[in-house]
Structure formats: C-alpha cells, structure tokens
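Since chain V is already given, all that's left is putting chain C on it; use the hints.
Next come the chains, spelled out residue by residue.
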Amino acid sequence: MKARNAQNIQLPRRRFLKQGALLTSGLAVGFHWSSAAVAATAPQDDFEPNAWVRVLPDGTVKLVVHKHDSGTGTRTALAACVAEELEVDPMAVEVITPENPFFEAYMHPLWHVFSTGGSTSISLEYDRLRQAGAMAREMLVAAAAARWGLAPADCRARDGRVHHDVSGRTAGYGELTEAAAKLPAPEAVRLKAPSEFRYIGKLRHKRDALEKVSGRLRYSIDVELPGMLVAVVLRAPVIDARVEGLDTTAALQVPGVRQVIRVPARPDVLGGNQEGVAVLADDYWSAQQGREVLQLRWSQSAFAEFDSDALPGLFAAAIEDPARPLVRSHEAGDVDGAWPLAARLLEADYGMPYKAQNPLEPVCVTAELADGRLSFWGGVQVPSFAREAARTICGLGEEQVVIHELISGGSFGAREAKYWLMEAAYLAQQAGKPVKLMNSREDEVRALFGHAATLHRLKGALDADGGLSALRLRALSPASGEQWEPGYDDRPDQMDYSTTEAISAWDFAYHTPHLDLGWVRYETGVPTGWYRSVSFIPNVFAVESFMDELAQAAGRDPLDFRLAHMQERPRHVRVLQEAAELAGWGRPLPQGTALGLATHQGYGSYVAVVARLSRQPGGLRVERLSCVVDCGLAVSPGGVEEQIYGGLMWGLGHALFDRIDIRQGAVVQSNFHDYRVARMSDMPEIEIRILEGDPDKPGGVGELTSPPVAPAIANAIQRLTGQRLRETPLDLGLKA
Amino acid sequence: MIRIQVNGENHELGQELASMPLLWVLRDKLKLKGTKFGCGKGLCGACTVHFNGRPARACQLPVSAAAGGEIRTIEGLSADGDHPLQRAWVAEDVPQCGYCQSGQLMSAAALLASGKPLNDDAIRNAMSGNICRCGTYGRINRAIKRAAAEGGLA
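If you read the protein sequences in the order shown, they are chains V and C. FYI, the numbering for the first sequence is 1 to 736, going by my numbering. FYI, the numbering for the second sequence is 737 to 890, going by my numbering.
Chain V on its own, in the form it takes in the complex (with noise of 0.2 Å):
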C-alpha cells in the first residue's frame, strides 16, 4: 500500500554525482575528492552514494552536516533529515562535517556561497537531505535485493539493515557498501510520507548534550596544537584610525610574549579588517598583559568627531531627502493623490540604535599556514570567508584551505564577520606557526560588524471608516552585506533583500489601496554586520508600532485593525487569533496591567507575541510575553521550541538593553556591566504555543521570534501608560 503523500522525486542526479568517477574508481561516487592526495585516502569500499551519506564495511553509518552549529541544533536536525529517508537513528550514527566545505552540494542554494545563516538550514535543506537519504537507501535496498535473487519492493530497509520479511532474510548496511557502491544512482526515489516520520517531527533532545554537560565539547577557543600561539589583537580605537607609532619594547619583556605583529587594515575587502597590533604569547594571559603595555599613536581618523547621538538628527534630515538613493520595496496605488483624502493623517520616526551580537564564547579561530595550505580550527559559519581570507592574504586557492570546524559558543552573526579570519590568515602567515586568534568581551562588544542604527519613518491616512487607506514607509539604513552576492550592482531592482526584509510586496502583511514603502540607503561608515533577524528587527518595530498606533487613532482594537488589513493571509491570521487567545487579549486585567501585540511573518513561518506589561513600584515591568508560532513542520519540536524562547529572549533585549554608542569613533561599551544582556532574572512568565502547521514544508525558526517582541512591548506600554515610545531601548522607568 502506497502510504498517503509519499512522493516520487525525480533525483537531480548532476548535483550529486560528477559523471567518470563513477566508474573507473568502482564507487559510487569520490566526486567530492577534488584532489588526488586526498582521493588516494579514501578507502575503497565505503559507500558514498552522495555529499550526505557513507556507509563504512564495518557499518558505521556517518552523515555529513555541511551547516554550522552555532548552537542551533544542525546538526541534529539536518543529520535527521537523512536519518530519517536512510532508515537509522539521527542520535546512535556519526555526524562529521565535510571532508571538502568547498563541494559544490553544499553550496548554500540560494546565496550561491558556502554559508550557514538566514535561517534556512532547515527549510531549504529539508527536501534534498531527504533525497540523498533516499538514494542511499535504495541503493543499499538494491544491493540486498540483487543479492537474494529478489525485487526491490519486496525488501525494505529498517535500523540500519534490509529485510525481507517474508524469507526472514537480513543485511546489515555494511554487508551491503560494495556491491552497493556498484549499483548506478536511481533516477528517482521515493520519499516517505509524514505518517511514516519515525524521527522527523518526534527530537526533543540533541546530539552532544553529554558531552556539553561534562565540560568535554571542545569549542574554538579549546583548540590547542603543537607550537602554537595566542593572539590577542589591540585594533584601532577609533574607526579607521591607522598606527603611526609603535614601541614593543615592553610587551616583549612580558614573559611568555614571543612576537608582536603589526596587522594592516583591508580596507579594500568588504568587512575587512580594522588595523591592529597583534601580541602573540605562550598564552592568552601572558598575551593580553602584552598588549596592556603596548605603547602605541593612533593616527587622525575621518571619525574622530563621528558620536552616534547625532545620527537621529542626521537620520531625520537625509530620510526625505531626494538626493539620498531610495529603493522602493512595495508600491500599489498613489499616496499622495490619497492622502487629501484622509480622515485622519498620522506621522511618525522610530529609531533603533547600534547593537552588538556578544556571544558567549568571544569569536576565536585557529590558522595555521604549513605545506602550502592555510587550515583553520574553530566554528567557520562562512567557509566562503576563510576561502577569502586564503586567497586575499595568502595568495590560496580553494584547494589549499582547510577546515577542521567545530560547534560555536553561539554566532547571532558574530561569527558571519570576515575580519578575524582575515586577522588570522595574516597572522599564521606572518608568525610561520599556528596561531590562535582570541577576542577578549571587550573586543567582542567593540568589535563592529555589529547591527546597524536605523530611522524608520511612516505616515498613514485612514478613511472616515477608520480604515487604512494609504500607507507609506522609509526606512533608512546602510546596506547590508548582501553587497557581497555577486551580481549585486547589476541587479536592476538595486533592492537588498537583507535590509527590506517584512517591507516587500512578498511580505508585507498589511494591505490597503494605496502603499509606498522603500528603503533610502544611507551609509555613515561604520562597519556593520549579520545579526539575529537584520532587518526584521527595526522593520517590525517600526510597522507594527505603527498599526497600533493608527489602531488607536481609528478607535478601533489593535487587533481587529491588524486582522481587517490582512488578505489571504490564514496562517497569519491564526497565529495572531490564537495569541490572543493565549494572552486573554480583550479580557478584562487587573488594574495597572496591559497587554500589547506584535506579529511577524519570515522565513516561512509566522509569529504572535502579546506581551504583558505591569506598573510596579519602580516602573514597569514585562510580567509575561505569550508566543504563538506557525512554522510548518517542526523538524525537531525541542529544538524549535527553545528557538523560540531564545527568540524573544533576543526581542527582550532589543526593547530593553540592546545599544551600542560611538562617541568621538570609539565604542563606548566595553563588556556585560555596560552591555546589559538578558538575564534569568529579566525574563518574563514564557507560554509558547507551536501550531501544527503543513506537515510538508518546515519554515525557519532561528530569527523568526525577536523581532515582535520589542513593538509588542512598546504597544503595551503605550496601553498602560498612554506614552508612545518609538525608540530603542524602550525605558521602563516611565511613571504614568
């Protein structure tokens, strides 16, 4: 019986297999080998039917996880979605990372580089995972079948063996690799349906929770090799600043200090580094006492005067302005024929400042230059960017770059900056050891690439019926590192799609007949990066303080006036119906509370948050936020679920913490006591609700909760204490 909704996919067989190897190495593939050294290592008799799977004689089962884990569970979700199609269990197999990061499969297929990030790992992996599961599956079947004289369909594959049930006849998967490996690629294989998912849909745990609990996960920073030194980096203070002097006399004489490296700027490579001054030690101790004592002058920088407390106004003057490029995002009707027409007008600017992404473990690599080959230890979410650093410093190709990667102590787009592979390139290069390249927090927190400062300003009509008739937005702010996709400047559109994200005709959610909405680049100079969400986050903040604001306007409840502007949008509207449903949205409260609610839509997914706010002594206070999600398909529940509470432990922080100040170009923060992150005890009561959404598509889930948090907050605020708040951090210190 054909179980319901199994699918017969036709195999793109040109992605897996490059067409020669096949045959006259005798296996079924080697087409990852992209050199003969390499090749010549392989054993003989595995199966490696594709860039996903290889089945060892002895058995073992590994699956290749080409996704960073950042601590986002890849490599538990991705190794499941082949587990699952290969009939053995995503927790017992081995997962390894790819012997060759730079084979074409695991391109990222969308951006074209070799990138974890966007959070797609999921959503667009999920089908093709599946298949090279698949595929290996029939193959091995194939093998077993032709060895007992049988037809495929008569045996089927389970645990890691194939049966036929009805002689009672087993092989493992070992037993099977040669002949397998003979056996030509299927044209198409069959999918299982949902109904069979054995795995998929069912993790709640993770793989290598033991070893992060016993202290044995070693993470970047752990990485210790023969002859190797730690570096720590003293980069210019102020942006662009360049060194003009420099004594090392008293960093050498600090014992365990070897060697102090001047590290020119890249100002050439987009997200290159700042210049700086490296000390190398015996350790990282002995190494930041080195730097202590560096004596060094710093050079005029252009940002010498450069205070991020005059962007605002500097944001209000350029955002209208005509000479400033502006990229319209969505359009439909005429504004301004529309706004005469109005009832009611509304105008209003919300402003997000500087963020940093601060994870836990301070961003850390290790290069080393030997033989030709430029290697590096550590959690490389952009192989793309070590391939970089190899060619830009080092004169490498592809061919010569390796990389041994490990699980990060978190990324939140930190780890998607170039800058310190760029340091450590030069610094193996230039110290001819292995070089261990450390931040300290402080240069975590003033390390830029950061998330940018943004303007956003709307102006909406609504008619005499209180309905929105018209709409227009700009958001101002730099582009982001989309600039590095190829083809960028010849796209006719000039739209980044990194910076206009929930502002798109794809994705904007509201509808009314009249719709301008853009993105006016401006770019002040200082570095900017990846982080958790981009653009979502002052997109969403700025959209949905506005509908509520224009809710109120109208008279109406926030959300009626968000469901009336929705079309064809169902999932959409069920999170938000069952958010508030959650939340006891339009319940009566105790005095001195007050809800507010924020939704967003990414990645495939959909999201409500209604947070819930109370007047205390001192100000107030975030009492609970209530999540709804539709995410498709939950790959794995557990992990979504803690996504989603990171999520909005991210959004609290954006409306709480989250600013980054430059005065006269230096950061001003420096670690945790001014940095404030999300604590234990800041965190509200959590109710997290995962919709059962299409049981055949998985959305992503990583970046989807921040962002409504913040304008949840802020419309809760507005409710309790009748003070709109259209920056960030929002100040519970109100009194009202």
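Please keep in mind that the hints were generated in silico from the structure rather than gathered at the bench. You may find that some hints are simply not true.
What the hints assert, rightly or not - Take a look, some chain C residues computed to stay more than 12 Å from chain V by CB distance:
1) Glu748
2) Ala801
3) Ala803
4) Gly839
5) Gly851
6) Pro853
What the hints assert, rightly or not - Here are the computed lysine-lysine pairs in the DSSO-like style, where the Cα-Cα straight-line distance is at most 27 Å:
7) V:Lys433 x C:Lys777
8) V:Lys192 x V:Lys202
9) C:Lys777 x C:Lys765
10) V:Lys192 x V:Lys62
11) V:Lys202 x C:Lys881
12) V:Lys182 x V:Lys697
13) V:Lys697 x V:Lys192
14) C:Lys767 x C:Lys777
15) C:Lys765 x V:Lys433
Since we're looking at a predicted model, the values are computed, not measured. Just so you know, even glycine gets a beta-carbon here, dropped at the ideal spot from N, CA and C.
For chain C alone, kept in the frame of chain V given last:
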C-alpha cells in the same frame, strides 16, 4: 611554590604564576578546558568553579589566592557526566551552544548542595549571575527542579 588542589588532585605551580587568574591556570596550565572564558570581569559566570564548596568566578581569582583551598571544576563534578544535575540537563535538553553550561551547572550544583529550599526565587537568585545568550533559562529552571526531585540534594 603555589600549591593548589583541583578536583582532589594536588598541583604545584611556579611563583611567577601568582597573579595569573585561576581560570587561565586551569585552562592553559592544567589543560582543564571545561571551565570557559566569557568576560574576564566576573560578569557572565562562564568560568564558575567551586572554591571551598562555594561558587567562585575563576577569572577573578588570582591563583595565589586559591592556594590551600579546594577547587572543583566541571571535570570534577562527576566521573561520567552522571551528577543528578548533568542527568537532568540532558533529560531537559538544556544546552544549545553549551558554552555557558559548565558555569551554569557549577552555580546550580552549589545551590543544590546548599540545602536551601528550592523555588523560582531561589533559582533566580542563584543563577542570575550566569549569562546564557542562547536563552536556556527556562530549561535550566526545569532541570534544577528535576534534579532536586530526583534526589539531587544528596
């Protein structure tokens, strides 16, 4: 000579290391890498160890000040990761990136061993010095209660 005792083992260190924080002695001299570096200022709790049974920030303790005391690190919490808290951490699937969890566990172990009544306030008070950027606070709370319920007070 500076003599320290870590996880029941005695170590002798040269006097030149006197001002080195215990954290770097553990990590770089004794090669006990389970204790993590997060801030270097005693603000994040990633380097939490037990000093004479009480939680201490190893990044703030010069090793000379730790001489003569009993130091316990995550490696010494249990032989095989089977301390009741570690078992509860796995059962609740607490770690995301896992980087802060050595420190979280050492803080929680001190709380559990203190014999104080366990409730949300006590957990919050004991654990709010430990930062987790992934957001595992909810599960940490559940895991501490689970460990206590399963006899972790012993």
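Tested hints:
With a cut of 12 Å on Cβ distances, Glu748 (chain C) stays outside the contact zone with chain V, its closest approach being about 18 Å. The beta carbon of Ala801 (chain C) is kept farther than 12 Å from every beta carbon of chain V, the shortest such distance being approximately 15 Å. Its beta-carbon lying about 17 Å from the closest one in chain V, Ala803 (chain C) satisfies the requirement of being farther than 12 Å from that chain. Distance check on Gly839 (chain C): its Cβ comes as close as 9 Å (rounded) to a Cβ of chain V, failing to clear the 12 Å threshold; non-interface status is violated.
With 12 Å as the threshold on Cβ separation, the claim that Gly851 (chain C) sits away from chain V holds: the shortest Cβ distance comes to roughly 21 Å. Chain V leaves Pro853 (chain C) outside its interface by the beta-carbon criterion, the shortest separation being 18 Å against a cut-off of 12 Å. Using a Cα cut-off of 27 Å, the hinted pair Lys433 (chain V) and Lys777 (chain C) is violated, with the two alpha carbons roughly 30 Å apart. Proposed proximity of Lys192 (chain V) and Lys202 (chain V) is supported: the alpha carbons are some 15 Å apart, at most 27 Å.
Using a Cα cut-off of 27 Å, the hinted pair Lys777 (chain C) and Lys765 (chain C) holds, with the two alpha carbons roughly 20 Å apart. The suggested pairing of Lys192 (chain V) with Lys62 (chain V) holds, with an alpha-carbon distance near 21 Å, which does not exceed 27 Å. Of the supplied pair hints, the one linking Lys202 (chain V) and Lys881 (chain C) holds, its CA atoms being roughly 24 Å apart against a limit of 27 Å. Taking the CA atoms of Lys182 (chain V) and Lys697 (chain V), the gap is near 34 Å; set against the 27 Å cutoff, the hint is violated.
Of the pairs offered as hints, the one joining Lys697 (chain V) and Lys192 (chain V) holds, with about 13 Å between alpha carbons and a cut-off of 27 Å not exceeded. Among the hinted pairs, Lys767 (chain C) with Lys777 (chain C) is consistent with the structure: their alpha-carbon atoms are about 21 Å apart, no more than 27 Å. Restraint check for Lys765 (chain C) and Lys433 (chain V): the C-alpha separation of about 20 Å stays at or below 27 Å, so the hint holds.
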